[in-house]
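Given chain P, put chain U in place with the hints provided.
Just so you know, the sequences run in chain order P and U. Note that our numbering numbers the first sequence so that position 112 is 346, with each residue one more than the last. Note that our numbering numbers the second sequence so that position 41 is 32, with each residue one more than the last.
Keep in mind that the hints were calculated from the coordinates and are not lab data. All of these numbers come straight from a predicted model, not from anything done at the bench. Be a bit skeptical, because a hint or two may be false.
Said to hold, decoys possible - Below, computed lysine to aspartate or glutamate pairings styled on DMTMM-like, alpha-carbon distance capped at 20 Å: (1) P:Lys312 x P:Glu278; (2) P:Lys276 x U:Glu17; (3) U:Lys33 x P:Asp320; (4) U:Lys(-4) x P:Glu278; (5) P:Lys276 x U:Asp85; (6) P:Lys291 x U:Asp85.
Said to hold, decoys possible - Coverage of chain U stretches by chain P, computed from C-beta distances (three or more under 8 Å per stretch; other residues unrestricted): (7) 35 to 45; (8) 94 to 101.
What the hints assert, rightly or not - Computed beta-carbon distance windows for the label pairs: (9) U:Arg52 x P:Ser307: 35 to 41 Å; (10) P:Ser315 x U:Asn18: 29 to 35 Å; (11) U:Gln0 x P:Val349: 27 to 33 Å; (12) P:Ser261 x U:Gly32: 38 to 44 Å; (13) U:Asn58 x P:Glu293: 27 to 33 Å; (14) P:Lys312 x U:His67: 40 to 46 Å.
Where is the CB? At the ideal position from N, CA and C, for every residue including glycine.
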Amino acid sequence: EPEVTQTPSHQVTQMGQEVILRCVPISNHLYFYWYRQILGQKVEFLVSFYNNEISEKSEIFDDQFSVERPDGSNFTLKIRSTKLEDSAMYFCASRPLRNQVYGYTFGSGTRLTVV
Amino acid sequence: QQQVKQSPQSLIVQKGGISIINCAYENTAFDYFPWYQQFPGKGPALLIAIRPDVSEKKEGRFTISFNKSAKQFSLHIMDSQPGDSATYFCAARDPGSGIQGAQKLVFGQGTRLTINP
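Okay, chain P solo, but in the shape it has when bound:
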């Protein structure tokens, strides 16, 4: 079964450093997302991406965050200057068509720890 692949699985970084989280969505999917989950809390929407541009972003997704699809297969989330409160699980998700909720697939996540 096709999977959304995320790397690394765990990243530890110093406060103020830049991090890039990487995702390989399912190959025929057209819509891409980043969500985050602070430990023990709910999963929260960060950003959606379609046709090489952001289609929607949440209040959490401020100027420190950016997304990119650099080569047609990878989808990245960059945090420019990490803060302690950025520590969370970050999930990439993708889906194929407009009305298919069953195609909405999440990766296993990257655990980001900011120290």
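Okay, now just chain U, sitting in the frame of chain P:
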């Protein structure tokens, strides 16, 4: 208005029993209501989903009951098994605007379900 409220926060059920998790929402623009199962260290995995024009959907031991007028929906797990022990999230899909609507998911707080053998 974007919130989805989920209860209980944690639930312990004996093997073979029925697990019931409840959710409520406010935004009538939500157009799909999925339930996700999450095991430790893994991403959410879709379990079952329902449209708001349907009152019940059953897949195996999992049933969603949907009350549109009350803006509530619930997940019932029949004959609960130890392998069902996981965190369960209800969610609601916000279709967004325009032909390229984002269709983001709004998640509930999660329920940690433990099935005792």
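Outcome of the hint check:
Of the supplied pair hints, the one linking Lys312 of chain P and Glu278 of chain P holds, its CA atoms being roughly 17 Å apart against a limit of 20 Å. Proximity of Lys276 of chain P to Glu17 of chain U is assessed by CA-CA distance (about 17 Å); at most 20 Å being required, the pair is judged to hold. This hinted pair checks out: Lys33 of chain U and Asp320 of chain P have alpha carbons roughly 19 Å apart, not beyond 20 Å. Proximity of Lys(-4) of chain U to Glu278 of chain P is assessed by CA-CA distance (about 13 Å); at most 20 Å being required, the pair is judged to hold.
Simply put, Lys276 of chain P and Asp85 of chain U have alpha-carbon atoms about 16 Å apart, close enough for the 20 Å limit, and the pair holds. Of the pairs offered as hints, the one joining Lys291 of chain P and Asp85 of chain U holds, with about 13 Å between alpha carbons and a cut-off of 20 Å not exceeded. With a cut-off of 8 Å between beta carbons, the region 35 to 45 of chain U has 4 residues touching chain P; three or more are needed, and the interface restraint holds. Residues of the region 94 to 101 of chain U lying with their CB closer than 8 Å to a CB of chain P number 8, which satisfies the three-residue condition for coverage.
With their beta carbons about 37 Å apart, Arg52 of chain U and Ser307 of chain P fall inside the hinted range of 35 to 41 Å. Range check, Ser315 of chain P to Asn18 of chain U: about 34 Å between beta-carbon atoms, so the 29 to 35 Å window is met. The hinted range of 27 to 33 Å is satisfied by Gln0 of chain U and Val349 of chain P, whose Cβ atoms lie roughly 29 Å apart. Range check, Ser261 of chain P to Gly32 of chain U: Cβ separation about 25 Å, and the 38 to 44 Å hint is violated.
Taking the beta carbon of each, Asn58 of chain U and Glu293 of chain P are about 30 Å apart, inside 27 to 33 Å as hinted. The hinted range of 40 to 46 Å is satisfied by Lys312 of chain P and His67 of chain U, whose Cβ atoms lie roughly 42 Å apart.
This entry does not satisfy hint 12, going by the numbered hints stated previously; all others are met.
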